[in-house]
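Enquirer: From first to last, the protein sequence lines stand for chains A and B.
Under this note's numbering, the first residue of the first sequence carries the number 1, and numbering increases by one thereafter.
Under this note's numbering, the first residue of the second sequence carries the number 1, and numbering increases by one thereafter.
Among the hints, a few may not be true.
[To be verified] No more than 30 Å apart at the CA atoms, straight line, and that leaves these computed lysine-lysine pairs for DSS-like:
#	chain 1	residue 1	chain 2	residue 2
1	B	K359	A	K208
2	A	K366	A	K87
3	A	K208	B	K327
Hints were generated in silico from the structure; no laboratory data involved.
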Amino acid sequence: MMRTAVAAMLALCAHGVMAHSAMAQGSATFDRAKQPAVGPAPAFKVPTWTTATLSNGVKLVVVEKHELPIVSFSIHFTGGADQLGTKLGVSGFLSAMLREGTTTRSADQLNNDLALLGTTVGFGVGAESGTAGFSSLSRTFDQTIDIMMDMMRNSTFPAAALERLRTQQLAAYTRGQDVVGQIAAQVLPKLLYGDQPYGKVVSDADLKAVTRDDVAALAKQFFVPVNATAYIVGDMTLAQAKTKLERAFTVWPASGAKLVATYPAAPSLPATTIYLVDMPNKPQSQLVLARAAVPAYSPDMPKVDVMNAIMGGMFQSRLNANIREVHGYSYGFNSGVAWRKGPGAARAQGAVTREKTDSSLIEAMKEIRGMTGAIPITNDELTAAKNSLTLSLPSDVQSVDGISSVVSRIVDENLPNDWWAQYIASVNATTAADVAAMTKKYMDPEHLVVLIVGDAAKIGDAVAATKIAPIVKLDKTGKKLP
Amino acid sequence: MTRALSVLAVVAATWPVAVGAQSAPRPAKNTVGAKSAAPRIPFETYVLPNGLTVLLSVDHSAPVVAVDVEHHVGSKNEEVGRTGFAHLFEHVMFTGSGHVPYGLHDKLTEGVGGSNNGSTNSDKTNFYESVPANYLETELWLEADRLGWLLDALDIGKLNAQRDIVKNERRQSTDNVPYGRVGEILDSRMYPEGHPYHWPVIGSMEDLSAASEADVKSFFKQWYGPDNTVLVIAGDFNPLQAKTWAAKYFGAIPRGPAVKRPVVAPAMLSAPQRLVYEDNVSQPQLFVSWPGVGVRSSDRAALNVMGAILSGDRTQWLSQEFVFNRKWASSISIGNGSNEDVGTIDLNVVPTPGADLTKLEAAIDSVIMRFKSDGPTAEQMKKATARIEFTSYNRLQSMLGKATTLASGWIYHRDPSWYLTDLRQTMAVTAADVQRVASRYLNVNRIVLSAVPMGKREMASNPGQSTPVTSKFASKKEVGS
Numbered sequence: 001m002m003r004t005a006v007a008a009m010l011a012l013c014a015h016g017v018m019a020h021s022a023m024a025q026g027s028a029t030f031d032r033a034k035q036p037a038v039g040p041a042p043a044f045k046v047p048t049w050t051t052a053t054l055s056n057g058v059k060l061v062v063v064e065k066h067e068l069p070i071v072s073f074s075i076h077f078t079g080g081a082d083q084l085g086t087k088l089g090v091s092g093f094l095s096a097m098l099r100e101g102t103t104t105r106s107a108d109q110l111n112n113d114l115a116l117l118g119t120t121v122g123f124g125v126g127a128e129s130g131t132a133g134f135s136s137l138s139r140t141f142d143q144t145i146d147i148m149m150d151m152m153r154n155s156t157f158p159a160a161a162l163e164r165l166r167t168q169q170l171a172a173y174t175r176g177q178d179v180v181g182q183i184a185a186q187v188l189p190k191l192l193y194g195d196q197p198y199g200k201v202v203s204d205a206d207l208k209a210v211t212r213d214d215v216a217a218l219a220k221q222f223f224v225p226v227n228a229t230a231y232i233v234g235d236m237t238l239a240q241a242k243t244k245l246e247r248a249f250t251v252w253p254a255s256g257a258k259l260v261a262t263y264p265a266a267p268s269l270p271a272t273t274i275y276l277v278d279m280p281n282k283p284q285s286q287l288v289l290a291r292a293a294v295p296a297y298s299p300d301m302p303k304v305d306v307m308n309a310i311m312g313g314m315f316q317s318r319l320n321a322n323i324r325e326v327h328g329y330s331y332g333f334n335s336g337v338a339w340r341k342g343p344g345a346a347r348a349q350g351a352v353t354r355e356k357t358d359s360s361l362i363e364a365m366k367e368i369r370g371m372t373g374a375i376p377i378t379n380d381e382l383t384a385a386k387n388s389l390t391l392s393l394p395s396d397v398q399s400v401d402g403i404s405s406v407v408s409r410i411v412d413e414n415l416p417n418d419w420w421a422q423y424i425a426s427v428n429a430t431t432a433a434d435v436a437a438m439t440k441k442y443m444d445p446e447h448l449v450v451l452i453v454g455d456a457a458k459i460g461d462a463v464a465a466t467k468i469a470p471i472v473k474l475d476k477t478g479k480k481l482p
Numbered sequence: 001m002t003r004a005l006s007v008l009a010v011v012a013a014t015w016p017v018a019v020g021a022q023s024a025p026r027p028a029k030n031t032v033g034a035k036s037a038a039p040r041i042p043f044e045t046y047v048l049p050n051g052l053t054v055l056l057s058v059d060h061s062a063p064v065v066a067v068d069v070e071h072h073v074g075s076k077n078e079e080v081g082r083t084g085f086a087h088l089f090e091h092v093m094f095t096g097s098g099h100v101p102y103g104l105h106d107k108l109t110e111g112v113g114g115s116n117n118g119s120t121n122s123d124k125t126n127f128y129e130s131v132p133a134n135y136l137e138t139e140l141w142l143e144a145d146r147l148g149w150l151l152d153a154l155d156i157g158k159l160n161a162q163r164d165i166v167k168n169e170r171r172q173s174t175d176n177v178p179y180g181r182v183g184e185i186l187d188s189r190m191y192p193e194g195h196p197y198h199w200p201v202i203g204s205m206e207d208l209s210a211a212s213e214a215d216v217k218s219f220f221k222q223w224y225g226p227d228n229t230v231l232v233i234a235g236d237f238n239p240l241q242a243k244t245w246a247a248k249y250f251g252a253i254p255r256g257p258a259v260k261r262p263v264v265a266p267a268m269l270s271a272p273q274r275l276v277y278e279d280n281v282s283q284p285q286l287f288v289s290w291p292g293v294g295v296r297s298s299d300r301a302a303l304n305v306m307g308a309i310l311s312g313d314r315t316q317w318l319s320q321e322f323v324f325n326r327k328w329a330s331s332i333s334i335g336n337g338s339n340e341d342v343g344t345i346d347l348n349v350v351p352t353p354g355a356d357l358t359k360l361e362a363a364i365d366s367v368i369m370r371f372k373s374d375g376p377t378a379e380q381m382k383k384a385t386a387r388i389e390f391t392s393y394n395r396l397q398s399m400l401g402k403a404t405t406l407a408s409g410w411i412y413h414r415d416p417s418w419y420l421t422d423l424r425q426t427m428a429v430t431a432a433d434v435q436r437v438a439s440r441y442l443n444v445n446r447i448v449l450s451a452v453p454m455g456k457r458e459m460a461s462n463p464g465q466s467t468p469v470t471s472k473f474a475s476k477k478e479v480g481s
């Protein structure tokens, strides 16, 4: 045992006294059924940030936090594959291809240089935005960002590496075809959005069509300073950050044009329809109820968050309480909203026992319909939902990555500086009537996509007998079957 | 095996639960520890008269407090015919207790902006909350009530409901997942019938069906005494006040009976085994499992480093040869998994479609032979330990991360600061140590299992010599299970 243990022993003696006097108190009788009183909730303090614009046009945001010698660094890019008109499947290769070597480093050298610094650099290009970044010790920041810039600016994108990655991605695609959740994920967007950009899903044919030139072109088009905001959170001052980034960004001059993007409106949905995809011999079915909802940061967003928490966002939510806790049909049935710049999807879903697929559907529909007014929202439910959304925020700023995410939301979306305070106020002002109205508006039980992936021969008749909606049979890619 | 999943495959779920829980019957493939210069978690410890060990770690950097209650009991303590019971019991602990009605626990955790969950592995079970700091007393009240008065509120209806949920957990994590049963098949072959690590944490469908109310009572009385438990509080709190509360709420819970730990024979195979398992999959995979060591073995640190050097990144031995040079595999990984008493070293290959598993196995063996004779380079050793310093700082950011680190040290070593010993041992590993453990453990007495599509046994490695197997823990009644 070392010094810590010695200190612990001393502490033990000191607290022996304490514990004994406390024990005397403990032996006094008290009413265990009485819930302890609680003090006031800790206030949520959004960390303060400072901004600057760098010579190449990148906006810089810094939050200082000096307790530990670590730094979280990320660059957020506005616009993604949808806005850039990128071919489907290309963006999925960019991150891996950036590890395949630069004009001065082979892939193995690149790997080893980062490994010896004890870190990795991550890139992600999404449909509407993208990121690049790393976490490091503050003292290895300069070396790490130089490697990151080398990857962004000088990658060679070897064709042979693309072939190796393509083989891997095609194999992963094939493996995914054995998994009910994966089939649901690839069919649902087509049902919700049809031919709109949000309805497009990468297929094996798309993966086969990607070329190394596609990937190289995307990197050139995507890594543009004018669309970038850099975040530094941790053990670094604004002055240090500016100096370090100006030096590192000399290889990344200003270029490109500010991206202006538009987003499609939510498509209208037909009356509720059940779509059934057959996967024989599956002991559980994937059950999804969904519809296209509302863009992020619309005035409805806080109310939709409260609605979602009560419907399936919390463990104690209506769907999980019913389908899991009361009936035991599932290990968990939840809901969520995929917030996007356009109308993202509101979804309730879970894996349910094959023999209880019909019963689970009946219960899920009952709960969703109930939330439109038939089963009134209680004050207890409202309070728990509001608290879970707002009182959890202080714990989000424990880590440098958490702070970066809380602050970047405001800067990336051009929200007012007091947006979090406004959001908390709006959540807390949400009423039971609002929740019912949001359910009616965004999870309308009469206009839902119901998707079931499972053993059709064993569940089909029972699902039809619920008479909840007509059944349309689909193949695993979402094509209608006769 | 945790109580609730945090994120499911399709929806970006919003449940704030299941933070870094130890979950798998085959333990996480830990790689490396940290430098001796790593920052320490300040803590103090004392023992209540009823035997409850209390660990307090103050950190005022965010207004959050974590409470972690860990019991030194897991699936290895189950009795024949009751596999899966320790984990089922973990679920029962969330159904209310003498003074806390069902549902209140969630209301006073996620319903006040916090989170809660529990987890069970072969050796320990834990329950935890992470909440706004003003709820510390409330969480101690909740935890003490289920530790002292669980049985006052127990009824068969609650047990039955959790039984169905856990059966669905088994379907979702094991039966309905490609290759999901491979782990339990390997363990059941590695450890003989009756060995405490023979069965999976999730248990068999038949045994879950058989669990009774009487089992709940006797398991609780046997294993959930305060003297078999550690309570950790980490975060933004006043330690004097916390001690008063710990004594007030936990002090009156009586000591449990003497705990008898099972006698656990080391993992050992007297002959190689070659198996083929037909699964609901479209591509084959290859698995190899060697007998390894428990967490207290002096070879554990070197085995961890060995795993990182053989398959940690693209320039490491197996990855470079099979993913990059020969392109026979999409991925290949090997790692050490140490449970409390025993462990295994496990290799998993996702072959490139069309790759011949027999040739693949032979080629893997020749790389391992070369590794045994040449050993790792200095640079490979350095890379395997370079990430350590950063990781050791990073984990100190979360109150719950600190709490579980201290608790694990107490459970496995009765030393909360064992993570420092772990780091020191890992940093002291030499290339010669790695070479020595490779020669000692990566031997011919091992299990080679090919998981192949239904009806495609010929895709196995050395199909003519492979014995067909199925999982004895899957339901005998459920088709497709």
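Enquirer: Checked against the structure, which of the hints given earlier come out wrong?
Expert: 2
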